[in-house]
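Number of protein chains: 2
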Amino acid sequence: MSIQTARRMNQARRSFVREILKAAAKSEVISFAGGLPSNDLIPVAQVANAVQEILATEGAKALQYCTAEGHPALRQWVADQYRAAGLSVSPDQVLIISGSQQGFDLIGKVLLEPGDAIIVEDPTYIAALQSFGLFEPSMLAVPMDQEGIQMDSLRPVIHGAKLLYTMPSFQNPTGISYSAARRAEVTNLLRDTSVVLVEDDPYSLLSFDGRTIPPMASQLPDRTILLGTFSKFLAPGLRLGWICAPMELMEKLTIAKQALDLCSENLGQWVIHRLLSSPDFSSYLQTVRATYARNCRAMRAAVKRHLPDAQCTDPAGGMFVWLTLPPDVSALDLFHTAIEKGVAFVPGQAFFANGGGENTLRLNFTRCGPETIEDGIARLGAAYRSLACY
Amino acid sequence: MSIQTARRMNQARRSFVREILKAAAKSEVISFAGGLPSNDLIPVAQVANAVQEILATEGAKALQYCTAEGHPALRQWVADQYRAAGLSVSPDQVLIISGSQQGFDLIGKVLLEPGDAIIVEDPTYIAALQSFGLFEPSMLAVPMDQEGIQMDSLRPVIHGAKLLYTMPSFQNPTGISYSAARRAEVTNLLRDTSVVLVEDDPYSLLSFDGRTIPPMASQLPDRTILLGTFSKFLAPGLRLGWICAPMELMEKLTIAKQALDLCSENLGQWVIHRLLSSPDFSSYLQTVRATYARNCRAMRAAVKRHLPDAQCTDPAGGMFVWLTLPPDVSALDLFHTAIEKGVAFVPGQAFFANGGGENTLRLNFTRCGPETIEDGIARLGAAYRSLACY
Chain U
124 MSIQTARRMN QARRSFVREI LKAAAKSEVI SFAGGLPSND LIPVAQVANA
174 VQEILATEGA KALQYCTAEG HPALRQWVAD QYRAAGLSVS PDQVLIISGS
224 QQGFDLIGKV LLEPGDAIIV EDPTYIAALQ SFGLFEPSML AVPMDQEGIQ
274 MDSLRPVIHG AKLLYTMPSF QNPTGISYSA ARRAEVTNLL RDTSVVLVED
324 DPYSLLSFDG RTIPPMASQL PDRTILLGTF SKFLAPGLRL GWICAPMELM
374 EKLTIAKQAL DLCSENLGQW VIHRLLSSPD FSSYLQTVRA TYARNCRAMR
424 AAVKRHLPDA QCTDPAGGMF VWLTLPPDVS ALDLFHTAIE KGVAFVPGQA
474 FFANGGGENT LRLNFTRCGP ETIEDGIARL GAAYRSLACY
Chain B
124 MSIQTARRMN QARRSFVREI LKAAAKSEVI SFAGGLPSND LIPVAQVANA
174 VQEILATEGA KALQYCTAEG HPALRQWVAD QYRAAGLSVS PDQVLIISGS
224 QQGFDLIGKV LLEPGDAIIV EDPTYIAALQ SFGLFEPSML AVPMDQEGIQ
274 MDSLRPVIHG AKLLYTMPSF QNPTGISYSA ARRAEVTNLL RDTSVVLVED
324 DPYSLLSFDG RTIPPMASQL PDRTILLGTF SKFLAPGLRL GWICAPMELM
374 EKLTIAKQAL DLCSENLGQW VIHRLLSSPD FSSYLQTVRA TYARNCRAMR
424 AAVKRHLPDA QCTDPAGGMF VWLTLPPDVS ALDLFHTAIE KGVAFVPGQA
474 FFANGGGENT LRLNFTRCGP ETIEDGIARL GAAYRSLACY
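Those protein sequences? They're chains U and B, same order as listed.
Counting the first sequence from 1 gives a position; the numbering used here is that position plus 123.
Counting the second sequence from 1 gives a position; the numbering used here is that position plus 123.
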């Protein structure tokens, strides 16, 4: 007799991206599929030194449980970052969590009832759909243009929604950033509603020119939940990020965090705080930004050369460009041909909550340097041309 | 306007134990309250060395994302442990998770609908109640005796229940272990039902005499979910444990894990595997067992001397003894007096799902050595006597 599972799992599927990453893991495949930082930039030696110093001075304390809220100095760092960016928050509004991904679950636990409406960008981050999806909401996908979510499509659906999930800076998957005007339009619209804004911001420290844009939260502080992560600019494997929320939600978010895993990894919190406090951190960050800016330029130039039919976004930071192929081209067909030619990407349709985007694809530019990017995009161009021959 | 939160959070409270741990954190207080391993036993130098060696050989790879399923060698180690204990499982049935606590959430996601009945031991592990509670089940608490859950109370409620949550070895909070006969009675009873057995086993490696008891899962392999952890015998701050389930549940458990946090901490998985593979591991584990056995003896002897009115359990492993005071004594009153005298414990009533246990308390014996135990229990005895004077 098989075990009866819960209804919320009926629609749940394995992450498409993760399955693709497995296909792309063969050593001969150039992968533009993942969303990983460059191995060359992960500060391995600095982590090794930090661990030595922390264990020498703190001893077993750094290997015991932490509080559910997280390492106080790290919460303070997050609050300080926001203050510098124009948003006044207290460290008490920050919880350290196991990657910003865990924030979706905490938000779902604290806010979502089955059937609640969530508005998402179309396309949007797949794993947010997956995580929110387990709370059985209805998903409303609102199209994007080059300045962010389309207001004409957002206005008719905003009332009655529970959450608006947005990634206003260097969005995953498109690389698009909201203009200042669009940010204001969205927060103005939300002000007259009860909708909670979820501002997911994994990439703003990966701004190519180092300029930071004030978070949308600064215009709607009482109703915005911010998510951030150390994965994209330091090391994903430490699995640490944060959630920053209005004070009235902190008690319940903390309870949900306690119930989920008691606390996040302790030693890693000490390590990250040490790296952030190092005098070398700002030059490290500049190197990361310059490297990714260079890679992005190389990728856009290579796309122009080898895939002249494709439209390519022009991100000012983050990890991805987004390609739109002619309407009759299937990115999924292209994917299969491309894998044979030794290059991988993520077909765009996976990022659309309610279908569409068959002729789109996401390319990551942080994992490979310019030469490999040139080689990989040349292979992609060859795959595209061979597809056109059928 | 305040933000409307979800119904599941209405009953959720901050962990009582965690609040008590804060009260007990003052340096002058001897704390028997937590469930932490001894600082002196956490293998700090070995962790430091392991990190150096792993980062020197694996480099950035150990700081990138891991698969959702976890480090293959660690999954293999878990499967090998079970095989040695008499349960044949494949590494494919093991997921590495962020402490066994996270397993409650994954089980809840995959199996529980609101209103489903969960049977728990009375008393039981508080944080399991907290985590399962967010899935809005009905909790049925079945009393314990010295051999485990009471069959006469279990039989009338077993049909129609969704889960039986049990900790058959060195239970938290009582230290009681199920007898072999009781294990068989429980699994025989469950065999004719559709109830899923959740066998939570954080402590079996902390058996004082090193003997391992075959998991109950070996008698009901198709319907048992096992939870285990590296927190209690290595280092809690690495936040790593595992869930081992029937093959038919693995796909959905993996999806739920992906949605929750993508994967568990990567570097820590490499570290733990290295510690487990070290030729010193078995002598390390023997030292841990001998130390805790000695502490437990010291605590029971001190209780006999300083609190002759109390009944004390006689655990063969784990981290806790359980005291039952005369029926008219309030352990909560004792707690407040004891804190003034400089000693902390957890009043037992927190461990009862539906109330009761006002005259019981839990004492941890892993955190302090025999001299501190003697001092702390003497203080507790003084607190008890001063309470009796009112």
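Fair warning: there could be bad hints in the mix.
The list cannot tell twin chains apart, which means a pair is met if one copy fits it or any two copies do.
Unchecked claim - Here are the simulated BS3-like pairs of lysine-lysine, each with C-alpha atoms no more than 30 Å apart in a straight line: (1) 184 / 145; (2) 427 / 184; (3) 427 / 145; (4) 464 / 145; (5) 427 / 464; (6) 149 / 464.
Hints are computed from structural coordinates only; laboratory data are not their basis.
Small disclaimer: the values here were computed from a predicted structure and weren't measured.
Tested hints:
1. 184 / 145: Intra 37 Å, inter 15 Å, cutoff 30 Å: inter-copy only.
2. 427 / 184: neither (54 Å within a copy, 32 Å between copies)
3. 427 / 145: within (28 Å within a copy, 60 Å between copies)
4. 464 / 145: Classified as within: same-chain Cα gap 16 Å, cross-chain 59 Å, threshold 30 Å.
5. 427 / 464: within (19 Å within a copy, 76 Å between copies)
6. 149 / 464: The answer is within: 12 Å in one copy meets 30 Å, while 64 Å across copies does not.
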